[in-house]
Amino acid sequence: MKVDRRSFLGLGLGAAAGVAVSPALVKLTDDSSIWTQNWPWTPVPEDGEITYDKSVCSLCPGCCGISVRKINGRPVKIEGDSDFPVNNGGACLHGIAGLQYLYDPARVKTPMRKKAGKFEAISWDEAIDLAAQKLGDIRQNGAPESLGLVTGTREGSVSKLFNRFMDAFGSPNAYAMPSLEANLALTAQTLHGEGNTIGFDLENSDFVLSFGAGIIEGWGSPVACFKANASRKERHAELYQIDPRLSNTAANADRWIPINPGTEADLALGLCSVLLQKNLFVPGQLTGGLNRFTAVLASEYTPQKVEAITGVKAADIEKLAMAFAKAKMPVAVPGRGRGDQGQSLREFAAVQTLNALAGRLNKEGGAFVMPKADYLTFSEASMDEVAETGAGKEKLANSIDELIEKLSASAKPLVNALLVYNANPCYTLKTPERVKEAFKKVDFVVSFSSFMDETALASDLILPASTFLERLEDVPSGAGLAKQVVGLARTMVAPVFNTKNPGDALILLAQAMGGTIAESFEWETYDEALEAAAEGIWDGLNEEGYAVISQGTPMESPATDFAFMASNPAPIRPGCEGEFILMPIDNMRISGSAVASSPFAVKTVSDKVLSGTDVLVEINPETARAKGLKDGGSAMLKTQVKSVKVKVNYNEGIMPGVIGMVRGLGHAFDNPYVAGKGVNVNDLIGPVIEPGSGLDAAFGIKASISKA
Amino acid sequence: MSEIENKDENGSMDGAEECTADGPKDDKGLGLGVIFFMVAFLICFLSGWLLFPKLLYSKKEQPFNFDHALHTAETGDCETCHYLREDGTFAGLPNLESCMECHTDEPMGETEDEAIFAQKYVAKEKEVPWLVYSKQPDCVYFSHAAHITKAGMDCKTCHGPIGESTSSRPYEENRLTGYSRDIWGKNIWGIKTNSWDRMKMDDCAECHKEETGHQGYCFQCHK
Ligand code: SF4
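Here the protein sequences come in this chain order: A and B.
FYI, the working numbering numbers position 708 of the first sequence as 718, with every residue one higher than the one before it.
FYI, the working numbering numbers position 19 of the second sequence as 71, with every residue one higher than the one before it.
Bear in mind the hints are in silico, worked out from the structure with no lab data behind them.
Among the hints, a few may not be true.
Quick list of in silico lysine-lysine cross-link-like pairs, DSS-like style, CA-CA up to 27 Å [what the hints assert, rightly or not]:
id, chain 1, residue 1, chain 2, residue 2
1, B, Lys261, A, Lys37
2, B, Lys111, A, Lys87
3, A, Lys37, B, Lys187
4, A, Lys125, A, Lys405
5, A, Lys687, A, Lys648
6, A, Lys450, A, Lys416
7, A, Lys80, B, Lys187
8, A, Lys37, B, Lys252
9, B, Lys275, A, Lys87
10, A, Lys119, A, Lys717
11, B, Lys187, A, Lys87
12, B, Lys202, A, Lys80
13, A, Lys450, A, Lys422
14, A, Lys37, B, Lys275
15, A, Lys613, B, Lys275
16, B, Lys111, A, Lys37
17, B, Lys275, A, Lys64
18, B, Lys202, A, Lys37
19, A, Lys422, A, Lys329
20, A, Lys37, B, Lys106
21, B, Lys275, A, Lys80
22, B, Lys112, A, Lys37
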């Protein structure tokens with residue numbers, strides 16, 4: 011017997027065939043695919059006990075209750091809390107992605123000071139000492155009023171503590187960033203008296219006349235608005251959207267009324283004029299200057315005149331006024347987009363005046379004028395002599411925008427130190443370059459930011475804040491809701507980095523400063539301060555996670571003072587040169603406020619808005635073709651402030667002559683998932699300050715566009 | 053034979069070897085080839101079937117023996133220990149705390165296993181590191197509530213008559229994947245006779261197809 015080649019061949023073939031028909035191959039194929047899934051570097055979530063803890067989201071003014079799903083105490087998911095009276099189980103995409111902020115690459119992990127233009131990590135003790143010494147010097151020099159403060163809002167205990175610090179320090183120069191809540195409070199103050207605010211009962215209204223309010227684009231308390239809008243069909247409630255652009259809200263509405271941008275107030279006044287002329291108004295408590303106001307309306311805001319300004323036909327204005335007056339429970343809603351930026355008091359007041367004339371104040375489904383939620387009581391801050399003199403000085407400006415103007419214009423330093431909490435003015439205000447320049451004139455800027463954002467980068471010391479998931483805080487709902495609720499955000503997870511609740515950081519700073527400032531901050535911790543200040547509602551707040559301050563229709567009908575409207579305040583029109591109007595667009599998926607969108611949210615943005623790192627601007631095809639611009643093609647967009655390269659997105663739903671650019675892109679900080687994408691629309695627009703109110707009412711700017 | 057003849061013969065044989073398939077030498081070579089083929093086939097086939105599973109799976113013993121029958125007789129059902137929480141999530145294997153609702157560090161019975169449990173775990177407040185026969189990969193989302201409460205299924209349908217067992221069988225771990233042999237099934241061919249024999253994706257899909265007319269979408273289970 012001779013073993014030859016063929017025998018080996020037989021052996022090989024036999025072995026192969028044997029293996030092939032045995033189960034080994036199939037099984038091994040299956041197992042190897044599973045084996046690859048178990049490679050040790052594949053991230054696998056830890057297994058363990060599942061729990062749910064309740065808290066409140068404070069990423070926007072919405073005040074939604076959330077339920078945080080945890081495994082072995084580690085938060086893994088955020089859901090809406092179904093027992094919470096604001097959002098009833100809903101949550102928006104920013105809220106559900108809230109966990110991403112914990113591990114954000116741009117987080118400030120420990121206190122930092124700037125030395126020779128570079129940040130270096132320091133300890134909390136060093137940081138507090140440094141701040142106390144710098145601020146101490148300012149007081150020593152007898153100019154406490156040269157300390158400035160910028161906070162996101164004035165509401166909530168942390169903001170109140172910051173303001174208290176200013177009192178004890180002796181500076182009147184505390185400012186809040188523009189917000190819908192502030193605009194509503196200012197409107198209420200102008201028309202109905204100090205200490206009030208306005209809420210809109212969208213849930214019960216059967217006819218919502220929205221002057222550009224992005225009901226499903228982030229206006230007010232977003233989730234509450236989604237819910238109110240979602241139930242519209244079954245309630246047979248109508249929504250009319252006045253908007254230069256077919257926004258999502260307009261597309262969802264029963265009727266879209268295109269209007270020349272920035273003329274919403276004129277239309278509201280035109281409607282008021284029809285109501286008065288046709289005797290359709292409800293003579294309630296209309297005081298101060300009604301006659302003068304009537305005269306102004308009769309001469310300046312006849313339907314014909316309003317047609318010329320707004321582009322809405324006179325006949326349509328009459329019909330619209332009739333429809334509003336005839337509806338059972340109509341309400342007019344002000345505040346374009348999210349209602350926080352580029353807004354004028356004139357517009358807010360005009361829309362609210364329409365509510366007043368139609369008798370819709372403090373009626374079910376109408377506009378509620380209610381006292382501001384006042385659930386915190388702090389004792390008076392102790393003030394020494396320095397504080398008394400500083401506090402007696404006049405405020406430098408009426409608003410943050412005016413302050414920046416003044417800082418820019420002045421040759422000598424007006425503000426020597428600035429505290430910034432919960433705000434990103436170097437990104438969100440118009441022409442951020444101007445803000446950064448103004449910041450350079452301030453000797454010592456302290457940021458209490460969680461992220462190394464544009465403003466933190468422009469500051470000298472960062473006392474990093476724990477995020478909303480890492481700390482206790484009261485979260486008042488304030489954004490145009492018809493009820494007032496305070497939620498309690500609780501510590502869902504111990505701080506991931508070496509950060510503190512800004513309330514605690516402030517207490518440490520106050521104590522380090524000694525004297526009456528320390529006396530005014532006698533608490534050991536912020537938690538203790540909150541419990542003491544919220545004493546009246548603390549038990550309920552702590553137990554339920556929220557406290558309802560007011561709900562249901564307010565009993566009393568408020569008086570309306572027409573003096574402001576009777577003075578016929580001047581409209582704000584975008585200045586400068588250019589054939590077109592560039593208008594920022596608010597998009598629910600992109601945050602335009604202090605906290606930037608999460609990586610998750612950025613991923614959901616349509617490629618009609620952001621394509622790669624290019625921003626697309628919306629242009630009516632007619633306008634675009636006249637300029638030789640192709641859909642998807644590149645273009646140069648130029649305003650007086652800046653010119654940028656953009657891409658063109660043909661949109662039939664935007665009025666000819668208007669260019670729309672989304673707000674909230676173009677961040678410039680160290681987060682590869684969020685920053686470096688698109689353009690910050692604020693870079694292109696210059697502020698226009700409304701006289702009197704101090705609001706930056708620049709809703710847009712004249713622009714030109716050409717092929718790139 | 054002369055050299056020439058010899059050459060001729062060789063030459064012709066060479067030719068035959070090359071050109072035809074049925075020379076005498078050829079027969080012999082092929083026969084050997086076939087034998088080799090058969091032997092190799094048989095060895096490989098048999099080892100793939102019989103030896104391979106032995107190599108693929110390692111055997112592990114549970115920390116101590118658990119008598120399901122005894123416990124179900126006491127409690128009356130599976131749900132006392134393997135319950136659904138109020139929020140609908142499945143508690144899975146009871147943790148030490150649940151066991152201690154009945155057990156203390158003094159054994160209640162006389163079995164050796166209970167003594168181990170009391171001394172090694174209860175007394176030391178240590179969780180029992182049970183090996184879970186039915187553990188699925190982390191990417192698989194499975195809702196017990198949907199199957200038990202909504203579809204009214206019996207535990208047995210997927211887990212078999214485990215409640216009647218008096219002893220814990222060894223846990224066979226797949227050396228490659230780390231999962232229990234129960235997932236693929238005892239039968240290395242993947243053949244099943246009972247609904248609880250296997251717990252692979254196809255088994256879920258098959259039952260879904262039968263019960264709901266649709267085998268489901270990827271994202272229903274893979275999250
Ligand atoms: S709407 Fe605002 S508060 Fe509510 S979940 Fe979204 S970000 Fe949070």
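Going through the hints against the structure:
1. Between the alpha carbons of lysine 261(B) and lysine 37(A) the distance comes to roughly 24 Å, so the proposed pair stays at or under 27 Å and holds.
2. Taking the CA atoms of lysine 111(B) and lysine 87(A), the gap is about 37 Å. The hint is violated against a cut of 27 Å.
3. Between the alpha carbons of lysine 37(A) and lysine 187(B) the distance comes to roughly 19 Å, so the proposed pair stays at or under 27 Å and holds.
4. Taken as a hint, the lysine 125(A) and lysine 405(A) pair is broken in the structure, with Cα atoms around 31 Å apart against an allowance of 27 Å.
5. Restraint check for lysine 687(A) and lysine 648(A): the C-alpha separation of about 19 Å stays at or below 27 Å, so the hint holds.
6. Distance hint between lysine 450(A) and lysine 416(A) is fulfilled; the C-alpha atoms sit about 13 Å from each other, no more than 27 Å.
7. In summary, the hint linking lysine 80(A) to lysine 187(B) is supported, as the alpha carbons are separated by about 20 Å, within the 27 Å threshold.
8. With a C-alpha separation of about 12 Å, the suggested pair lysine 37(A) and lysine 252(B) falls inside the 27 Å cut-off, and the hint holds.
9. The hinted pair formed by lysine 275(B) and lysine 87(A) meets the criterion: a straight-line CA distance of about 13 Å does not exceed 27 Å.
10. Between lysine 119(A) and lysine 717(A) the alpha-carbon distance is near 44 Å, which puts this suggested pair outside the 27 Å criterion.
11. The hinted pair formed by lysine 187(B) and lysine 87(A) meets the criterion: a straight-line CA distance of about 22 Å does not exceed 27 Å.
12. Of the supplied pair hints, the one linking lysine 202(B) and lysine 80(A) holds, its CA atoms being roughly 25 Å apart against a limit of 27 Å.
13. Proposed proximity of lysine 450(A) and lysine 422(A) is supported: the alpha carbons are some 12 Å apart, at most 27 Å.
14. Taking the CA atoms of lysine 37(A) and lysine 275(B), the gap is about 25 Å. The hint holds against a cut of 27 Å.
15. A threshold of 27 Å between alpha carbons decides the hint, and for lysine 613(A) with lysine 275(B) the separation of about 18 Å falls inside it, so the pair holds.
16. For a cut-off of 27 Å, the pair hint linking lysine 111(B) to lysine 37(A) stands: about 18 Å separates their Cα positions.
17. The suggested pairing of lysine 275(B) with lysine 64(A) holds, with an alpha-carbon distance near 24 Å, which does not exceed 27 Å.
18. Pair hint lysine 202(B) plus lysine 37(A) does not hold up; C-alpha atoms about 34 Å apart against a cutoff of 27 Å.
19. For the given pair, lysine 422(A) sits about 56 Å from lysine 329(A) by alpha-carbon distance, which is inconsistent with the 27 Å threshold.
20. Of the pairs offered as hints, the one joining lysine 37(A) and lysine 106(B) holds, with about 13 Å between alpha carbons and a cut-off of 27 Å not exceeded.
21. For the proposed pair lysine 275(B) and lysine 80(A), the alpha carbon gap of about 16 Å is at most 27 Å, so the pair holds.
22. Our distance criterion of 27 Å between C-alpha atoms is met by lysine 112(B) and lysine 37(A), whose separation comes to about 21 Å.
Violated hints, in rising order: 2, 4, 10, 18, 19; the structure is consistent with all others.
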